[in-house]
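Colleague: Read off the chains here:
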Amino acid sequence: MPSARPSQLFRNLNAKIASIPMILTAVVVFLGGTIWTVVYSFTNSKLLPRMRWVGFDQYERLWDTNRWLISIENLAIFGVLSLIFSMVIGFLLAALLDQKIRFEDTFRTIFLYPFALSFIVTGLIWQWLLNPDFGVQSVVRSLGFDGFNFDPLYNADIVIYGILIAALWQGTGLVMCLMLAGLRGIDEDIWKAARIDGIPMWKTYLFIVIPMMRPVLITALVIVATGIVKVYDLVVAQTGGGPGIASEVPAKYVYDMMFLSQNLGQGFAASTMMLLTVIIVVVPWAYLEFGGKGKRHG
Amino acid sequence: MAEAGLIDHTDAAAGSHSRALEGPRGARPRRVLSRRNIILYGTLFVVAVYYLLPLYVMIVTSLKGMPEIRLGNVFSPPVEITFEPWVKAWATACTGLNCDGLSRGFWNSVRITIPSVVLSIAIASVNGYALANWRFKGANLFFTILIVGAFIPYQVMLYPIVIILREMGIYGTLTGLVLVHSVFGMPILTLLFRNYFTSVPEELFKAARVDGAGFWGIYFKIMLPMSLPIFVVAMILQVTGIWNDFLFGVVYTKPDIYPMTVQLNNIVNSVQGVKEYNVNMAATLLTGLVPLVVYFVSGKLFVRGIAAGAVKG
Amino acid sequence: MASVSVRNLDLSFGDVKVLQNLNLDIEKGEFLVLLGSSGCGKSTLLNCIAGLLDITDGQIFISEHNVTWEQPKDRGIGMVFQSYALYPQMTVEGNLAFGLKNARVPRDEIKKRIARAAQLLHIEPLLKRKPAQLSGGQRQRVAIGRALVRDVDVFLFDEPLSNLDAKLRAELRVEIKRLHHELENTTMIYVTHDQIEAMTLADRIAIMRAGAIQQLADPATIYNKPYNKYVAGFIGSPSINFIDGTLEAASDPVFKAGETKVDLSRYAFSGNGPKPGPVTFGIRPEHIFMDKAAVDEPFRANVEVDVVEPMGADTLVWSKLNGHELRFRVDGQTPLKKGDRVKVGFDPARASIFDAETEMRL
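Chains as they are written, first to last, in my numbering: chain L, 1 to 298; chain S, 1001 to 1313; chain G, 2001 to 2362.
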C-alpha cells in the first residue's frame, strides 16, 4: 500500500465526502448535543439556555419534585414488569411457534402486527378498550359480574398497569421474533442428542437451549430496556399522565419542562438522569458483548 | 446363521420379506387431537384472539353510530353500519385549532415521510458502502459514536437540535423535521447497509476496481443493482418509523404542519366538546392504516428488517 | 441373530419418496458403514433407525424388539453427531451424566460408567472442562463418550469425523476401530461419505444411492467385485477406468473396443456366463502394471503417455490406449513424460464387466 504518498488527507476522498453526514451527526448532534445538555443541566436556564452556573441545584430540585419521583417510580414498576413479561411471553410464543406447527406464518403475522402501529395509535386503542363505561369493565359487568372492577385508566393506583397491558400488546411480538430467530439458530443435532438422551422437552429448553441463547436474550433485553426508558408517546396518548400525575414518566417530564413550563434547566437535569439510566443498562451489556471477546473465542 | 444373512443381502434390491412379522409397523400413530396439540393450538388461538381483539374493536366501533355505542358493548358488531365517522374523521374532525379533519395531517405526514425516507436511505446507503468497502482512518471511531448514539434517549438531544435548527433557520419547518428524521435514522440504516455491503464478496469489489471503476461507479453500477432487497427492508423500516413518530413531530413542527400522529392525538384527546368515540376510532384506524398496509404487504421483509436492525443494533 | 433389522422401510415427505422398500440386517457386534454421496439417504436411514424421523411404512427391530413406535431414548441406542452436539453450558462430566440423571440411574452407577468411558476414550483429564475449551477431536471423543455411558448395544455414528481436519480424522478413525474391538458385542452403524473411512472401519459396507442400497458386502467384495457400474465408479481413488465396447462370446469370451481386444477366458462370469452385447469394461488403475512388471500379465498393450501426476509415493499416469483413456499407477520414482510410449499390462481376472444397459456386473 503506498502509505507514504504526500496527500494523506485526499486519499479515499470520495469515501470521506460520503461520510460527512455521519461524522456531523456523530460528532455534532450525538456527542456535542449530549455534552451540551449535560453541561447546561448545571445552569439555571429558564426560557432560554443561559450559562449561569448553579452546580447541582437542578438535580436537588429534581429529586425534591413529587412529579419526578412518581415518574421514576412508574418507570421502575413499568420497566421491571414489562421486561419480565415481554421476555417470558415473547419466549413462550417463540417456543410455541417453533414446534413445527401449521399456520406458523399466520400466527407470527398476528403476534407482530401491533409492532407496526405507533404508540399513539396503541395508546388510543387501549384507552378505548379500558374505558370503564364502554370497554372491558362494562362488558364483563353486563355478563353478570356486577362487582367486576377494572378501570386502570381512572384509578391512580393501577394506571401504570393499564399502560403496561398496551405496551406488552405492542411490543411482545418483537421479542418473539428475536427469540424465534435465536431458537432457529440452535443446532438441530442438539435437539436430536437430547431426544436420544431421553431429556424431556421442558428440560431441554431450560437447561440446554435457553443457556445457549444467551446472546439473543441479552440483545432482546437491551432493546426492551432502552425502549422502556424512552416511553413517552404511549403515555401521552393513553392517559396524558393522568389521572392527576399518576402515570407520569421521565420522558414526559423532560418534554413538559423544556417546552411547556419554560424550565429548561430542569429538563436538562431530568434528561441527563435518563442518560445515566441508559448508561447503567447499556455499558455492562456492551462490555459483555464486545469487551470480553478475546476471552470467549480463543 | 451369519452366512445366510450375508447371501440374502448381497442382493441389493432385496424384495419384500416372506417372513410375516407382527407388531407395530409404519408411522407412529398420531392423533390429530392429542393433548399436546390441544394445548399448543389452544394457547396460540387464545393469544391470537388477544392480539386481534383490539383491531376488531376499533373497526366495529368506527362503523357504529354514537347512540349504538352508548347502548351496546364494544365487542358487539354494528347493527347499522355507517361510514359517517370515517368521513368526519377524515374531513371535519376538530383538533381545537381547526376543523378540517385528519386529511391535513395525512398529507403533512406524506410530505414528511417521502423526503425523509429518500434522504435518510440515500445518506445511509452511501455511508454504509464507504464504511464497508472504502475504510479510511477514523471511520470506525465515528461509526462507533453513531451506534452508541442510537442508545442515547432522544430527550437528551432534543434541545440542542432546536438550537441547531434555529441557527439554520429551519426550526418549525418541514425541512427541519426531514433533517431530524434523517439524522436519527442514520445509526440503524448505516448499520444495516454496512453489514449488507460487507457480506458482498470482496472479489467483486476488487474486480471492479481493477476494471477501473471508482467510488461512485462501483456504488451505482454494482452495489446498488444487487442490493435492492436491503433497500426495500430499509424503506419498510423508515416508512413505518417516520410515519409513527410523534415526539419529533410535536417538537420540531408547528400546528399547521403537524404530522398525522400528533394531529390524531390532538383530535382524540382534545377536551372540548362531546367525545365521539366512533370518530376517534376511525381516526385512529386511518392513522394506523399506512404502517399496517406496509406490514401486511411486506410480510417476511418486515421481520427481516427488525431482526437485522434489532439484533445487531 | 440380527441386532438391527430394517424391514420394508419406506419414508416419504409428502410426495417425495426418500427411502423405498429398504431391507437391512445387521449382526450383533458388526460394524456396518452406510456409504454414499450427499443426498443418497444414508443419514436419513440412520435417523429412522434412531427414531428421530417417523417412518412412513415398514418396521425396525433392535435386539429382537420391534421399536418401530418407540421413542429414541427407549431404543437402546447411542448416537454421535457430525457437529458433536455437546451441551455447551455443561462440563464434559455434565454432558456424560445428563442423560443418565434423567433416566434416574443411581449416582454411583453414573460415576462408574463415566469413569469407564473416560478411561476408554482417554478423556479423564478433560472431565471438568467445558466443550468450548476442547479441540475438535476431544469434543468428538466426548460425544462418543456420551453414547458410551448409555451402556447400549447399538451405536449410531452420523458422519462423526467430517468436521475434523485430515490428521485428526485419521487418528480418531483408528480410535473408533479400537473401540469397536474392545466393545465386542456392540453393533455400530456408521454413516459417511468418505470411502477410506468405510473401507478401513467396516465389517460390511452398504453403498447407497437415491434411497436404495446398491450393494451390501464386505469391503474386499465391494472393491473387487462391485455389483454394478455405480459402485465400481464410487469406490476407489483414483477411480476405475471404464472402456465401452462389446462382448463377443463365440468361443472364448472376448471384450472388443475398436482395435483393442481383451481375452476374457480368465474372467469369472457370474450366473449364466458371458452374454454377448454392448458392455462397459472396468479395470482399476492400481491393477495395471508397466514395463517389466507388465511382462507376465495376460493382457499387454502399448500406450502413449498424456498427463503425468506425481503424488509422492506413486504417480498417476493418464494415457491413451487406442484412443481410450487409461489411467494407471506407477512407482513415484518412475521417470515419465508426455508423449512417451510405454508397455502396460493387466490381468483380466481382476477386471469388472458391466452390461451397458442394466449397468449390472456380468
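Source of the hints: derived by calculation from the structure; they are not laboratory data.
There's no promise every hint is true.
As the list claims (entries may be wrong) - With a Cα cut of at most 25 Å, we get these calculated DMTMM-like pairs of lysine to aspartate or glutamate:
| hint | chain 1 | residue 1 | chain 2 | residue 2 |
| --- | --- | --- | --- | --- |
| 1 | L | 100 | G | 2010 |
| 2 | L | 203 | G | 2030 |
| 3 | G | 2073 | S | 1022 |
| 4 | G | 2177 | G | 2165 |
| 5 | L | 203 | G | 2093 |
| 6 | G | 2292 | G | 2325 |
| 7 | S | 1300 | L | 105 |
| 8 | L | 203 | L | 133 |
| 9 | G | 2130 | L | 188 |
As the list claims (entries may be wrong) - Not everything, but these chain S residues come out facing chain G in the computed CB check (under 8 Å):
| hint | residue |
| --- | --- |
| 10 | 1023 |
| 11 | 1024 |
| 12 | 1025 |
| 13 | 1027 |
| 14 | 1031 |
| 15 | 1122 |
From a predicted model like this one, the values you see are computed outputs, not experimental measurements.
We treat Cβ as the ideally placed atom computed from N, Cα and C, and that holds for glycine.
Colleague: Could you grab the alpha-carbon distance between residue 203 of chain L and residue 2030 of chain G and see if it respects the 25 Å cut-off?
Modeller: violated, 35 Å
Colleague: Would the hint linking residue 2292 of chain G and residue 2325 of chain G be met if the CA-CA limit is 25 Å?
Modeller: holds, 22 Å
Colleague: Next pair to validate is residue 203 of chain L with residue 2093 of chain G; report whether the Cα-Cα distance is within 25 Å.
Modeller: holds, 18 Å
Colleague: A closest beta-carbon separation below 8 Å is what the hint needs, so does residue 1027 of chain S meet it against chain G?
Modeller: Hint on residue 1027 of chain S: holds, closest Cβ of chain G at ~5 Å, below 8 Å.
Colleague: Residue 2073 of chain G and residue 1022 of chain S: Cα distance at most 25 Å?
Modeller: holds, 23 Å
Colleague: May I ask you to test the interface hint for residue 1024 of chain S with respect to chain G, counting a Cβ-Cβ separation under 8 Å as satisfied?
Modeller: holds, 4 Å
Colleague: For the pair we were handed, residue 2130 of chain G and residue 188 of chain L, check the Cα-Cα distance against 25 Å.
Modeller: With Cα atoms ~20 Å apart, residue 2130 of chain G and residue 188 of chain L stay inside 25 Å; holds.
Colleague: Would the stated hint for residue 1025 of chain S survive a check requiring a Cβ distance to chain G of less than 8 Å?
Modeller: Constraint on residue 1025 of chain S satisfied, holds at 5 Å.
Colleague: CA of residue 2177 of chain G to CA of residue 2165 of chain G, is that 25 Å or under?
Modeller: holds, 18 Å
Colleague: Checking one constraint from the list: CA of residue 1300 of chain S to CA of residue 105 of chain L, max 25 Å. Satisfied?
Modeller: holds, 9 Å
Colleague: Is the Cα-Cα distance between residue 100 of chain L and residue 2010 of chain G 25 Å or less?
Modeller: At roughly 22 Å apart (the allowed maximum being 25 Å), residue 2010 of chain G and residue 100 of chain L satisfy the hint.
Colleague: Go through the hint on residue 1031 of chain S and say holds or violated, using the shortest Cβ distance to chain G against 8 Å.
Modeller: violated, 13 Å
Checked against the numbered hints given earlier, the structure breaks hints 2, 8, 14, 15 and satisfies all the rest.
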